[in-house]
Amino acid sequence: KLKLDTITCSAAISACDSGGEWEKALHVFGRMQQSTVEASTVTFSSAISSCESAGEWEKALCLFSAMELNEVECNRITGSAAISACKKVGEWERALQLFHVMTRRQVELDTVAYNAAISACENSSEWEQALELFSAMAQRSAEANASTFTVAISACKNASKWERALQLFSMMLRS
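11 is the number of the first residue of the sequence shown in the numbering used here; add one for each residue after it.
Honestly, the hints are just simulated from the structure, not real lab data. Note that CB positions come from ideal geometry on N, CA and C, so glycine has one too. The reader is advised that the hints may include incorrect statements.
What the hints assert, rightly or not - Okay, derived cross-link-like pairs now, PhoX-like style, lysine-lysine, Cα gap no bigger than 25 angstroms in a straight line:
#, residue 1, residue 2
1, K167, K98
2, K171, K98
3, K13, K34
4, K69, K98
5, K34, K98
6, K34, K11
7, K69, K34
What the hints assert, rightly or not - Computed Cβ-Cβ distance ranges for the label pairs, DEER-style:
#, residue 1, residue 2, range
8, M182, K34, 33 to 43 angstroms
9, E48, E103, 24 to 34 angstroms
10, T16, E153, 25 to 35 angstroms
11, N155, K13, 37 to 47 angstroms
12, H37, S185, 42 to 52 angstroms
13, Q43, M182, 38 to 48 angstroms
14, N155, K11, 44 to 54 angstroms
15, S157, R114, 17 to 27 angstroms
16, L79, G29, 24 to 34 angstroms
17, R114, R41, 26 to 36 angstroms
18, M182, L14, 42 to 52 angstroms
19, Q44, S75, 16 to 26 angstroms
20, T113, F179, 25 to 35 angstroms
Work out the full structure, taking the sequences as your base and the hints as a guide.
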(Lines of atoms letter the chains of each structure in order from A and count residues from 1; the text may use other names and numbers.)
(Lines give C-alpha, C1' and ligand atoms only; values in the text may rest on other atoms or scores of the structure.)
Protein backbone atom coordinates (compact mmCIF):
# COMPACT_ATOMS: atom_id res chain seq x y z
CA LYS A 1 0.00 0.00 0.00
CA LEU A 2 1.31 3.44 -0.94
CA LYS A 3 1.80 6.01 1.80
CA LEU A 4 0.81 9.64 1.66
CA ASP A 5 3.63 12.14 1.43
CA THR A 6 3.93 15.91 1.62
CA ILE A 7 4.51 16.45 -2.10
CA THR A 8 1.53 14.35 -3.22
CA CYS A 9 -0.79 15.95 -0.67
CA SER A 10 0.38 19.44 -1.64
CA ALA A 11 -0.30 18.63 -5.30
CA ALA A 12 -3.80 17.34 -4.46
CA ILE A 13 -4.58 20.46 -2.39
CA SER A 14 -3.34 22.68 -5.21
CA ALA A 15 -5.47 20.75 -7.72
CA CYS A 16 -8.54 21.27 -5.53
CA ASP A 17 -7.73 24.96 -5.31
CA SER A 18 -7.45 25.19 -9.10
CA GLY A 19 -10.85 23.54 -9.38
CA GLY A 20 -12.48 25.89 -6.87
CA GLU A 21 -12.96 23.04 -4.40
CA TRP A 22 -11.75 24.64 -1.17
CA GLU A 23 -13.64 22.19 1.05
CA LYS A 24 -11.99 19.24 -0.66
CA ALA A 25 -8.63 20.97 -0.35
CA LEU A 26 -9.16 21.27 3.41
CA HIS A 27 -10.33 17.66 3.54
CA VAL A 28 -7.05 16.55 1.95
CA PHE A 29 -5.17 18.81 4.38
CA GLY A 30 -7.01 17.27 7.34
CA ARG A 31 -6.42 13.75 6.04
CA MET A 32 -2.77 14.56 5.73
CA GLN A 33 -2.53 15.66 9.34
CA GLN A 34 -4.43 12.59 10.56
CA SER A 35 -1.88 10.39 8.85
CA THR A 36 1.01 12.30 10.48
CA VAL A 37 2.39 13.55 7.15
CA GLU A 38 4.12 16.85 7.85
CA ALA A 39 2.69 19.89 6.13
CA SER A 40 5.24 22.11 4.40
CA THR A 41 5.18 25.78 3.53
CA VAL A 42 3.92 24.78 0.07
CA THR A 43 1.12 22.68 1.60
CA PHE A 44 -0.02 25.52 3.82
CA SER A 45 0.28 28.01 0.94
CA SER A 46 -1.97 25.85 -1.24
CA ALA A 47 -4.56 25.41 1.52
CA ILE A 48 -4.56 29.12 2.43
CA SER A 49 -4.80 30.08 -1.24
CA SER A 50 -7.79 27.77 -1.61
CA CYS A 51 -9.53 29.47 1.32
CA GLU A 52 -8.62 32.89 -0.07
CA SER A 53 -10.16 32.03 -3.45
CA ALA A 54 -13.38 30.96 -1.73
CA GLY A 55 -13.58 34.00 0.56
CA GLU A 56 -13.05 31.80 3.62
CA TRP A 57 -10.84 34.30 5.43
CA GLU A 58 -11.33 32.85 8.91
CA LYS A 59 -10.17 29.42 7.76
CA ALA A 60 -7.22 31.05 6.00
CA LEU A 61 -6.26 32.78 9.27
CA CYS A 62 -6.56 29.52 11.21
CA LEU A 63 -4.21 27.86 8.75
CA PHE A 64 -1.82 30.81 8.92
CA SER A 65 -1.79 30.53 12.74
CA ALA A 66 -1.31 26.78 12.54
CA MET A 67 1.89 27.33 10.58
CA GLU A 68 3.54 28.90 13.60
CA LEU A 69 2.20 26.22 15.95
CA ASN A 70 3.60 23.54 13.66
CA GLU A 71 6.87 25.45 13.26
CA VAL A 72 6.39 25.75 9.50
CA GLU A 73 8.10 28.72 7.92
CA CYS A 74 5.86 31.45 6.55
CA ASN A 75 6.82 32.98 3.23
CA ARG A 76 5.57 35.92 1.19
CA ILE A 77 3.25 33.68 -0.87
CA THR A 78 1.53 32.29 2.20
CA GLY A 79 1.25 35.69 3.82
CA SER A 80 0.01 37.40 0.68
CA ALA A 81 -2.74 34.78 0.27
CA ALA A 82 -3.85 35.26 3.89
CA ILE A 83 -3.80 39.06 3.51
CA SER A 84 -5.83 38.79 0.29
CA ALA A 85 -8.37 36.55 2.02
CA CYS A 86 -8.94 39.31 4.58
CA LYS A 87 -9.00 42.00 1.89
CA LYS A 88 -11.78 40.26 -0.04
CA VAL A 89 -14.17 40.53 2.90
CA GLY A 90 -13.20 44.01 4.10
CA GLU A 91 -11.11 42.86 7.06
CA TRP A 92 -8.45 45.51 6.52
CA GLU A 93 -7.35 45.54 10.18
CA ARG A 94 -6.73 41.78 10.10
CA ALA A 95 -4.90 42.19 6.80
CA LEU A 96 -2.60 44.77 8.41
CA GLN A 97 -2.10 42.55 11.45
CA LEU A 98 -0.95 39.75 9.17
CA PHE A 99 1.28 42.15 7.30
CA HIS A 100 2.93 43.22 10.57
CA VAL A 101 3.24 39.60 11.76
CA MET A 102 5.13 38.85 8.57
CA THR A 103 7.39 41.84 9.19
CA ARG A 104 8.12 40.64 12.74
CA ARG A 105 8.89 37.16 11.42
CA GLN A 106 11.31 38.81 9.00
CA VAL A 107 9.51 37.51 5.94
CA GLU A 108 10.77 39.32 2.86
CA LEU A 109 7.74 41.28 1.73
CA ASP A 110 7.42 41.78 -1.99
CA THR A 111 5.24 43.91 -4.23
CA VAL A 112 2.41 41.34 -4.13
CA ALA A 113 2.25 41.44 -0.31
CA TYR A 114 2.31 45.24 -0.27
CA ASN A 115 -0.31 45.47 -3.01
CA ALA A 116 -2.62 43.11 -1.10
CA ALA A 117 -2.27 45.14 2.11
CA ILE A 118 -2.65 48.51 0.33
CA SER A 119 -5.68 47.21 -1.54
CA ALA A 120 -7.25 46.01 1.73
CA CYS A 121 -6.92 49.55 3.07
CA GLU A 122 -8.18 51.09 -0.16
CA ASN A 123 -11.25 48.83 -0.20
CA SER A 124 -12.11 49.96 3.33
CA SER A 125 -11.52 53.69 2.75
CA GLU A 126 -8.40 53.66 4.95
CA TRP A 127 -6.43 55.95 2.67
CA GLU A 128 -3.92 57.06 5.31
CA GLN A 129 -3.00 53.46 6.10
CA ALA A 130 -2.72 52.74 2.37
CA LEU A 131 -0.30 55.64 1.90
CA GLU A 132 1.76 54.61 4.93
CA LEU A 133 2.24 51.19 3.39
CA PHE A 134 3.01 52.77 0.02
CA SER A 135 5.72 54.92 1.62
CA ALA A 136 7.13 51.97 3.54
CA MET A 137 7.70 50.05 0.32
CA ALA A 138 10.66 52.19 -0.71
CA GLN A 139 12.24 51.85 2.72
CA ARG A 140 12.03 48.05 2.47
CA SER A 141 13.26 47.77 -1.11
CA ALA A 142 9.94 46.58 -2.49
CA GLU A 143 9.26 48.06 -5.90
CA ALA A 144 5.93 49.72 -6.61
CA ASN A 145 4.31 48.67 -9.88
CA ALA A 146 1.33 50.00 -11.84
CA SER A 147 -1.09 48.09 -9.58
CA THR A 148 0.49 49.63 -6.48
CA PHE A 149 0.05 53.13 -7.85
CA THR A 150 -3.50 52.36 -9.00
CA VAL A 151 -4.73 51.22 -5.58
CA ALA A 152 -2.91 54.06 -3.80
CA ILE A 153 -4.42 56.63 -6.19
CA SER A 154 -7.83 55.00 -5.81
CA ALA A 155 -7.53 55.19 -2.01
CA CYS A 156 -6.91 58.92 -2.33
CA LYS A 157 -9.80 59.32 -4.77
CA ASN A 158 -12.19 57.53 -2.38
CA ALA A 159 -11.17 59.97 0.37
CA SER A 160 -11.54 63.01 -1.92
CA LYS A 161 -7.78 63.62 -1.68
CA TRP A 162 -7.37 64.53 -5.34
CA GLU A 163 -4.19 66.55 -4.79
CA ARG A 164 -2.46 63.57 -3.19
CA ALA A 165 -3.77 61.34 -6.00
CA LEU A 166 -2.16 63.66 -8.56
CA GLN A 167 1.12 63.62 -6.62
CA LEU A 168 1.12 59.84 -6.80
CA PHE A 169 0.29 59.96 -10.49
CA SER A 170 3.22 62.31 -11.13
CA MET A 171 5.48 60.04 -9.07
CA MET A 172 4.38 57.09 -11.19
CA LEU A 173 5.21 58.95 -14.41
CA ARG A 174 8.70 59.69 -13.10
CA SER A 175 9.42 56.10 -12.14
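* **Verdict for E48, E103 (Cβ pair) under range 24 to 34 angstroms** => holds, 32 angstroms
* **Hinted pair K34 and K98, Cα distance within 25 angstroms** => holds, 21 angstroms
* That 33 to 43 angstroms hint for M182 and K34 (C-beta), does it hold up? -> Since the Cβ atoms of M182 and K34 sit about 42 angstroms apart, the hinted range of 33 to 43 angstroms holds.
* **Hint check for S185 and H37 - Cβ pair distance inside 42 to 52 angstroms** => Because 45 angstroms falls inside the window, the suggested range holds.
* That 16 to 26 angstroms hint for Q44 and S75 (C-beta), does it hold up? -> holds, 19 angstroms
* Between K13 and K34, does the CA-CA distance stay at or below 25 angstroms? -> Holds: K13 and K34 sit about 19 angstroms apart, inside 25 angstroms.
* To do: Using the Cβ atoms, figure out if T113 sits within 25 to 35 angstroms of F179.
  => Holds - the Cβ-Cβ distance for T113 and F179, about 28 angstroms, lies within 25 to 35 angstroms.
* Asked: Is it true that L79 and G29 lie within 24 to 34 angstroms of each other by Cβ?
  -> holds, 28 angstroms
* Pairwise hint evaluation, K98 against K171, where the allowed Cα distance is 25 angstroms at most -> Answer holds: K171 to K98 is near 24 angstroms, not above 25 angstroms.
* Holds or violated: K167 with K98, Cα cutoff 25 angstroms? -> Roughly 20 angstroms separates the two Cα atoms, so the pair holds.
* **25 angstroms Cα cutoff - pair K34, K11** => Holds, at roughly 23 angstroms.
* Do the beta carbons of N155 and K11 sit within 44 to 54 angstroms of each other? -> With Cβ atoms ~49 angstroms apart, the hint holds.
Taken one by one, the earlier hints all hold for this structure without exception.
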